[in-house]
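With the sequences and hints as input, model every part of the structure.
2 protein chains.
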Amino acid sequence: MQTLGIIGGGQLARMLVLQAAALGVRCQVLDPNPDAGAGQLCQQIVADYDDIEALRALSDAVDALTYDFENVPAAALQQAKLGTKLSPGVSVLHVAQDRLKEKQLFQQLGIEVGGFHAVNSRTDLLEALDQTGYPAVLKTRRMGYDGKGQALLRQQEDLERAWQQMGGEDLILEAFITFQQEYSIIGVRNRAGEVRCYPLVQNVHEHGVLRCSRVSLAQNRRGQNSLGQNWDQLQTQAETCLHAIAEQFDYVGVLTLELFLCDGRLLANEIAPRVHNSGHWSIEAADCSQFENHLRAVLDLPLGPVTVSAEALMLNFIGTMPDAQQLLQVPGLHWHDYGKQARPGRKVGHATLCGTDLAQFRQRLQQLVSHRPFTQLWTLLQDLQ
Amino acid sequence: MQTLGIIGGGQLARMLVLQAAALGVRCQVLDPNPDAGAGQLCQQIVADYDDIEALRALSDAVDALTYDFENVPAAALQQAKLGTKLSPGVSVLHVAQDRLKEKQLFQQLGIEVGGFHAVNSRTDLLEALDQTGYPAVLKTRRMGYDGKGQALLRQQEDLERAWQQMGGEDLILEAFITFQQEYSIIGVRNRAGEVRCYPLVQNVHEHGVLRCSRVSLAQNRRGQNSLGQNWDQLQTQAETCLHAIAEQFDYVGVLTLELFLCDGRLLANEIAPRVHNSGHWSIEAADCSQFENHLRAVLDLPLGPVTVSAEALMLNFIGTMPDAQQLLQVPGLHWHDYGKQARPGRKVGHATLCGTDLAQFRQRLQQLVSHRPFTQLWTLLQDLQ
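So the sequence lines, in the order shown, correspond to chains A and B.
When we follow the numbering used here, the leftmost residue of the first sequence carries the number 2, and every step to the right adds one.
When we follow the numbering used here, the leftmost residue of the second sequence carries the number 2, and every step to the right adds one.
Keep in mind that a hint or two might mislead.
To be verified - Simulated DEER-style distance windows between Cβ atoms:
hint : chain 1 : residue 1 : chain 2 : residue 2 : range
1    : A       : Gln225    : B       : Arg222    : 27 to 35 Å
2    : A       : Arg222    : B       : Ala193    : 37 to 45 Å
3    : A       : Leu359    : B       : Gln361    : 14 to 22 Å
4    : A       : Thr321    : B       : Ala62     : 19 to 27 Å
5    : A       : Asp233    : B       : Asn34     : 52 to 60 Å
6    : B       : Leu359    : A       : Gln225    : 25 to 33 Å
7    : B       : Ile53     : A       : Met2      : 28 to 36 Å
8    : B       : Gln330    : A       : Asp233    : 24 to 32 Å
Unchecked claim - Take a look, some chain B residues computed to stay more than 12 Å from chain A by CB distance:
hint : residue
9    : Glu161
10   : Val210
11   : Glu240
12   : Ala245
13   : Leu268
As the list claims (entries may be wrong) - Straight-line C-alpha distance at most 20 Å; calculated SDA-like pairs for lysine to any residue:
hint : chain 1 : residue 1 : chain 2 : residue 2
14   : B       : Lys86     : B       : Glu248
15   : B       : Lys348    : B       : Gly320
16   : B       : Lys82     : B       : Phe70
17   : B       : Lys140    : B       : Phe177
18   : A       : Lys86     : A       : Ala193
19   : B       : Lys348    : A       : Arg27
20   : A       : Lys102    : A       : Glu71
21   : A       : Lys348    : B       : Arg27
22   : B       : Lys348    : A       : Gly25
23   : B       : Lys102    : B       : Phe261
24   : B       : Lys348    : A       : Met2
25   : A       : Lys348    : B       : Gly25
26   : A       : Lys86     : A       : Asp64
27   : A       : Lys86     : A       : Asp61
28   : A       : Lys348    : B       : Met2
29   : B       : Lys86     : B       : Gln230
30   : A       : Lys86     : A       : Gln3
31   : A       : Lys102    : A       : Met2
Derived from the structure by calculation, the hints contain no laboratory data.
This one's a predicted model, so the numbers in the text were calculated from it and none came from an experiment.
For glycine and all other residues, C-beta sits at the position ideal for the given N, C-alpha and C.
Take a look at the structure:
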């Protein structure tokens, strides 16, 4: 029986642990939270992510190591000398933890990306704004996620407030991107260099937080998206980007690339060197979920299929879980409660609605949105297939 | 967050625990084996099933209680006064633990069943054989499973050996049934009395142990089985039986009824008051698995859909797990390793092969049977749809 260590014990680790059990793999997680969602289902080392001794202890106890979020301190992982047991490796973390390096990598690999400028002084910022014009977005290079660590500059008056708020260095100014749609592509690469990509996922964010994700069976047949564009062309462009990034790091495991669709072209936004919220639909609507494919890659097992096997819509539950008594009445709704305490803004669970074809899916969707708190979702969903 | 106690910590409890996690339900199991498959994923009380204090401690720690096998001593459960926390209740165990009571119940409820006779003496046996003729099967009334505790009497010469071997009382003689096919029906009943049944599963046993189970999408459309019989008619007959049994015990949870198909009619064989090996396909090929529906019933949540959502074949792994490196290359093969030590005759895992339609399923099946140890499966599978 193989054993796997996971640095981080949140919901992504939890879903990895559940899938690992089916593969007969025992997990152990490292997380400072003594009631971490994944720790409820396996052994846990309660320690900070930069606790070198704890990292070493985890590594010694397992056959393979991975992480469930990209802000694990790269320096600590390096110091703990986890070597080839760790996949993905440390190199991708240096880039994924830094918006500037990330965008520079896109440029270097010939991946289309919006305008950006490093900002380390007020002069830098003014020069950068000369190039991008208003609106633009000022962001911290590090530790930003779910819309945190950024300020929108609509006009010159916003500049001072943002400058005070964000501190004066290690910033990046990005041109404001007016996109038609948001996508992500999730791929998996094994040690032999084989890469498989799931179909593009269409995402909807609210206040910087992912609200829902959609994949359709039409994408297997390579039809058209709701804007009349060929899936084939978009998919090829996205896969080419993902391949280039994965090659760059000799990457092993699941890798996610978030993208904006602007005027028929995909622009790279950011990478996540891990399983991703926008891939949760794959638990029910793919023959091999992102969690299983990550495990297969990390444990050197054959990669699984990445086609869509059902119409699917993933909905995040934010702050608190909705009423299960009501929602479990909707057929084809798959419930995922992360075992967390309710807290405003916190991702506490998700559900994936599935249908074997579009007619069944739409019927179920209408049943779903008839329930509060999903009535207002209808507007969001108009934009999806 | 709700909590569930499970008496028994084998693979059925393990799969309940995995599904419970998605529902945000924390489990605790009671099992004498300190490395029980389910105990690897939740808290475990290591104690014998008739340890009244341990049963009480489990009951006090949880909101609801269930069991994962039918040979939990009914007397101990009664003595522990688990009351309405326990579902299914104790009454069904008295019947499910006794082949004679079981067959008498079938008769009482008007459910078709093969000939049987209580045997408590040599005279009983001879009288019973006068009625059934040879061949017949002599079985212990209690503790038989997977073909254990039974002897086939082909001719008069077998009588003495069997009589010596089986002991002289608490036996049942059953007429030998020549069946065309074996089926099971799995249903779920909630506290309000609502019953939902999955489509009939076709099963193949080898040496008394379940080898594989098959469900097809054709069953949703109520087409015909491989013998040209209407699914509709068979399904209706099986559901009527299951309803009657469930009503009898005011049953809450998943209930399984095993059936023989003889000359176009279904004969009841035995019941299992629990999730069942022949329902494992439902994890991937139904919108709500037998495990989830059992949890929903026991925890008083709405029941989920029971239709088939993919072509599916479940294969048991007996004795040892096959080579994952080879088999995970088969697309649509879902792997379930129970985390057990290999041991001859032991169920150590299963896999379910799925396909979105019959063409894809057959293609994948051919790929599967090209791998050892599944080459010889082909003959077994000829009989399935």
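Which of the numbered hints above does this structure break? Failing hints, ascending: 29 and 31.
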